[in-house]
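Protein sequence lines, in the order shown, are assigned to chains H and D. Using this note's numbering, the final residue of the first sequence is 617, and nothing's skipped along the way. Using this note's numbering, the final residue of the second sequence is 713, and nothing's skipped along the way.
Derived by calculation from the structure, the hints in this document are not laboratory data. Any given hint could turn out to be false.
[What the hints assert, rightly or not] Only pairs whose alpha carbons sit at most 16 Å apart, straight line, appear in this in silico EDC-like list of lysine to aspartate or glutamate:
id, chain 1, residue 1, chain 2, residue 2
1, H, Lys28, H, Asp210
2, H, Lys369, H, Glu379
3, D, Lys660, D, Glu623
4, H, Lys334, D, Glu683
5, D, Lys705, H, Asp338
6, D, Lys687, D, Glu655
7, D, Lys705, H, Glu340
8, D, Lys705, H, Asp260
9, H, Lys28, H, Glu234
10, D, Lys687, D, Asp701
11, H, Lys25, H, Asp260
12, D, Lys705, H, Asp605
13, H, Lys439, H, Glu339
14, H, Lys276, H, Glu604
15, D, Lys660, H, Asp147
16, H, Lys334, D, Asp661
17, D, Lys660, H, Glu146
18, D, Lys660, D, Glu683
19, D, Lys660, D, Glu695
20, D, Lys660, H, Glu58
21, H, Lys432, H, Glu474
22, H, Lys369, H, Glu474
23, H, Lys334, H, Asp210
24, H, Lys74, H, Asp101
25, H, Lys84, H, Glu70
26, D, Lys627, D, Glu651
27, H, Lys276, H, Asp605
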Amino acid sequence: MKNRNKIDRTKAPDTTQPAEIEGNKILKGIGVSAGVAIGQAAVIERLTTEIYPQCILETADIDTEIQRFEAAVKDAANQLKEIKKTIGPGHPLDNHLYIFDTHILLLEDRMFFQGTKELIASGRQNAEWALSEIIGRITSAFDTIEDEYLRERARDIHFVGERVLRILMGHSEERRSHELPLNSIIIAHDLSPADTAQFQGERVIGFAIDMGGRTSHTAIMARSLKIPAVTGLEHISRSVQTGDTIIVDGTTGVVIVDPDGDTLYRYRDRQQVFLKYQESLMGYGALPAVTADGECSVRIYANVELMDEIEIALGHGAEGIGLFRTEYLFLGRKDLPDEEEQYGVYRQVLEANRPHPVTIRTLDAGADKVSPALNVGKETNPAMGLRAIRLCLKRRDLFRTQLRAILRASVHGNCRILFPMISCLTELIETKAFLEEVKQELSKEGEPFSPNVKLGVLVEVPSAVTIADMLAKEADFLSIGTNDLIQYAFAIDRLNEHVNYLYDTLHPAVIRLIRQVTAVAQATGITVAMCGEMAGDPLNVPILLGLGLDELSMNALSIPMVKKFIRSMTIDECRELTNEALQMQDRKEIHDFLESWIRERFPEDYFALHSQQTNDR
Amino acid sequence: MIKENEVFSKSLTVTNGLGIHARVATKIVQRMQEFRCEVTLIKDDVEVSARSVLGLLLLAASPGTEIVAKATGPGSMEAIDVIDRLIKNEESEQNR
Numbered sequence: 001m002k003n004r005n006k007i008d009r010t011k012a013p014d015t016t017q018p019a020e021i022e023g024n025k026i027l028k029g030i031g032v033s034a035g036v037a038i039g040q041a042a043v044i045e046r047l048t049t050e051i052y053p054q055c056i057l058e059t060a061d062i063d064t065e066i067q068r069f070e071a072a073v074k075d076a077a078n079q080l081k082e083i084k085k086t087i088g089p090g091h092p093l094d095n096h097l098y099i100f101d102t103h104i105l106l107l108e109d110r111m112f113f114q115g116t117k118e119l120i121a122s123g124r125q126n127a128e129w130a131l132s133e134i135i136g137r138i139t140s141a142f143d144t145i146e147d148e149y150l151r152e153r154a155r156d157i158h159f160v161g162e163r164v165l166r167i168l169m170g171h172s173e174e175r176r177s178h179e180l181p182l183n184s185i186i187i188a189h190d191l192s193p194a195d196t197a198q199f200q201g202e203r204v205i206g207f208a209i210d211m212g213g214r215t216s217h218t219a220i221m222a223r224s225l226k227i228p229a230v231t232g233l234e235h236i237s238r239s240v241q242t243g244d245t246i247i248v249d250g251t252t253g254v255v256i257v258d259p260d261g262d263t264l265y266r267y268r269d270r271q272q273v274f275l276k277y278q279e280s281l282m283g284y285g286a287l288p289a290v291t292a293d294g295e296c297s298v299r300i301y302a303n304v305e306l307m308d309e310i311e312i313a314l315g316h317g318a319e320g321i322g323l324f325r326t327e328y329l330f331l332g333r334k335d336l337p338d339e340e341e342q343y344g345v346y347r348q349v350l351e352a353n354r355p356h357p358v359t360i361r362t363l364d365a366g367a368d369k370v371s372p373a374l375n376v377g378k379e380t381n382p383a384m385g386l387r388a389i390r391l392c393l394k395r396r397d398l399f400r401t402q403l404r405a406i407l408r409a410s411v412h413g414n415c416r417i418l419f420p421m422i423s424c425l426t427e428l429i430e431t432k433a434f435l436e437e438v439k440q441e442l443s444k445e446g447e448p449f450s451p452n453v454k455l456g457v458l459v460e461v462p463s464a465v466t467i468a469d470m471l472a473k474e475a476d477f478l479s480i481g482t483n484d485l486i487q488y489a490f491a492i493d494r495l496n497e498h499v500n501y502l503y504d505t506l507h508p509a510v511i512r513l514i515r516q517v518t519a520v521a522q523a524t525g526i527t528v529a530m531c532g533e534m535a536g537d538p539l540n541v542p543i544l545l546g547l548g549l550d551e552l553s554m555n556a557l558s559i560p561m562v563k564k565f566i567r568s569m570t571i572d573e574c575r576e577l578t579n580e581a582l583q584m585q586d587r588k589e590i591h592d593f594l595e596s597w598i599r600e601r602f603p604e605d606y607f608a609l610h611s612q613q614t615n616d617r
Numbered sequence: 618m619i620k621e622n623e624v625f626s627k628s629l630t631v632t633n634g635l636g637i638h639a640r641v642a643t644k645i646v647q648r649m650q651e652f653r654c655e656v657t658l659i660k661d662d663v664e665v666s667a668r669s670v671l672g673l674l675l676l677a678a679s680p681g682t683e684i685v686a687k688a689t690g691p692g693s694m695e696a697i698d699v700i701d702r703l704i705k706n707e708e709s710e711q712n713r
């Protein structure tokens, strides 16, 4: 914990076994639903499609075989309908009910239903054989899909097919959750949504699955159910026996089989802390971020990239979006998104957050974020090359389309525009002039747009910090992007393991850079926000308030804790701490100082923070 | 007068945040049950029935994809409109 600053959050979670729990059987997967579960393994046996009878039918038997298949499909549909019925309105899974409709429709789908029947007839194959072949053909057709989420839907046809196969082979329907012992942890190779729905209820307290990632149905449903889950464990279904004692830590992705007494004790403790803590913390999300003395109020926003993060953001108490990244619209595809597509997305985001503000960052492509459609040539030093606003000013066609889409969407909510990588005043003035041009174009066409769109500069290059006063005159707000600012200030690539030890949000140089910007805010009255990872680290809260930031935008999950901290401190306290920190010359000194203060002041949160750190992605 | 076998076609852009994914595909197939016309969706050289969830998923229409909707029979225009709305304004979703 002392070297907290050395935790590199840009890397995948550490997959080595934590030394403290050596001696137990430890499996490492992906933590997809937070919390700790301690219970007994319930291994769900499943046939795989590799094992099925094959035989060539007599002509006379073909019709009977087709009827047998039809009956099995009908049974499968009825089973799904039954499971669907168990999930009524208000059930934690009611948002996922559509999956059952999808699966029922898949059973009726021509390719699946007719396809199998035709193969039984033409190939004279028995139903199991024909069906397995059809499942194989359909799933391999999904393999070529580029979009990861759509490609993953091959799992759905697989689940549906296996249900029919089980019926054909006379396997009885799987154990229901009420037949499981209390405190069961479901262990399986893979779980369909129907399985997940069935194996929930008060007897099931955790999931540990071989397959799957963050977007698997099990992961999504487990989060809705608030049951700890780890996926991507690869072999757990083969290495664990029903009845084994299992610990599932859905926060870190660790599963421990047959833990020793010490480990059990430690995890029970962790579980209690997590439960109590979660409960108390979520309450803070809905409260305003005002210091205990009522003197200082900070607006707390979320950083968002995908539409489906918005609901989570609002649920955790975001008062708007401080950074809406638009790159995902452009990357991972061969063409460019047109105005209508962009307009649709921006409008959706604005409407979902109304009346809260949404800060749309214009395309921040280039460097590591490139798309073939953008046609950026190879650069020897892309991090310092044609990217972000530089690229947009060079590729006006692209920029025009985006600005038109944002402006047109602006009438649907509270819209702000943030320009990334501004490094000099001319750039900002040029950008604003171009925006004016686009506005006039829209006016001429009679397209409405909001006249109140606020313009912000993303301060992420050291040159922008030094001329913050000049930029402030031309902008409505400044937003400090600490991730890039630190990299450029220290001339380090934080993904480079040889130099990333220099990356530190609490280095005196970083604190001084921020102070330089907030000093401009104090002098001019301009709003100063922060949208880098630094803003979402609760340990930094006293310093950020002490420095005078008006808005903090962060990963939604950090919001409740940050709000709690703000509400428990006084602004005088924060200023005092900041002044003291500003006297220190060594980053480690600053860290230890802040940490010991937080530890003393918020012992509970400090502990929870510590246990969550390992899961920070 | 609309002729019995007239073919309607319209270019559409998928603009909801996730493309034609499971939820949207399911809705399209469910809504198509209200219509008697035949509707197909075409992307590049792939043509699939709007009544097939599998077909719609295999179309791999990620966000931004241009597709053509083709319909023949009664209610063709309305059916295309329904699809257009479903691939454009999907309500915000928590979990895809």
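Results for each hint:
{"no.": "1", "hint": "H/Lys28 to H/Asp210", "result": "11 Å, holds"}
{"no.": "2", "hint": "H/Lys369 to H/Glu379", "result": "13 Å, holds"}
{"no.": "3", "hint": "D/Lys660 to D/Glu623", "result": "21 Å, violated"}
{"no.": "4", "hint": "H/Lys334 to D/Glu683", "result": "12 Å, holds"}
{"no.": "5", "hint": "D/Lys705 to H/Asp338", "result": "13 Å, holds"}
{"no.": "6", "hint": "D/Lys687 to D/Glu655", "result": "8 Å, holds"}
{"no.": "7", "hint": "D/Lys705 to H/Glu340", "result": "10 Å, holds"}
{"no.": "8", "hint": "D/Lys705 to H/Asp260", "result": "54 Å, violated"}
{"no.": "9", "hint": "H/Lys28 to H/Glu234", "result": "9 Å, holds"}
{"no.": "10", "hint": "D/Lys687 to D/Asp701", "result": "12 Å, holds"}
{"no.": "11", "hint": "H/Lys25 to H/Asp260", "result": "10 Å, holds"}
{"no.": "12", "hint": "D/Lys705 to H/Asp605", "result": "43 Å, violated"}
{"no.": "13", "hint": "H/Lys439 to H/Glu339", "result": "14 Å, holds"}
{"no.": "14", "hint": "H/Lys276 to H/Glu604", "result": "10 Å, holds"}
{"no.": "15", "hint": "D/Lys660 to H/Asp147", "result": "15 Å, holds"}
{"no.": "16", "hint": "H/Lys334 to D/Asp661", "result": "13 Å, holds"}
{"no.": "17", "hint": "D/Lys660 to H/Glu146", "result": "14 Å, holds"}
{"no.": "18", "hint": "D/Lys660 to D/Glu683", "result": "7 Å, holds"}
{"no.": "19", "hint": "D/Lys660 to D/Glu695", "result": "20 Å, violated"}
{"no.": "20", "hint": "D/Lys660 to H/Glu58", "result": "42 Å, violated"}
{"no.": "21", "hint": "H/Lys432 to H/Glu474", "result": "9 Å, holds"}
{"no.": "22", "hint": "H/Lys369 to H/Glu474", "result": "28 Å, violated"}
{"no.": "23", "hint": "H/Lys334 to H/Asp210", "result": "33 Å, violated"}
{"no.": "24", "hint": "H/Lys74 to H/Asp101", "result": "14 Å, holds"}
{"no.": "25", "hint": "H/Lys84 to H/Glu70", "result": "21 Å, violated"}
{"no.": "26", "hint": "D/Lys627 to D/Glu651", "result": "20 Å, violated"}
{"no.": "27", "hint": "H/Lys276 to H/Asp605", "result": "11 Å, holds"}
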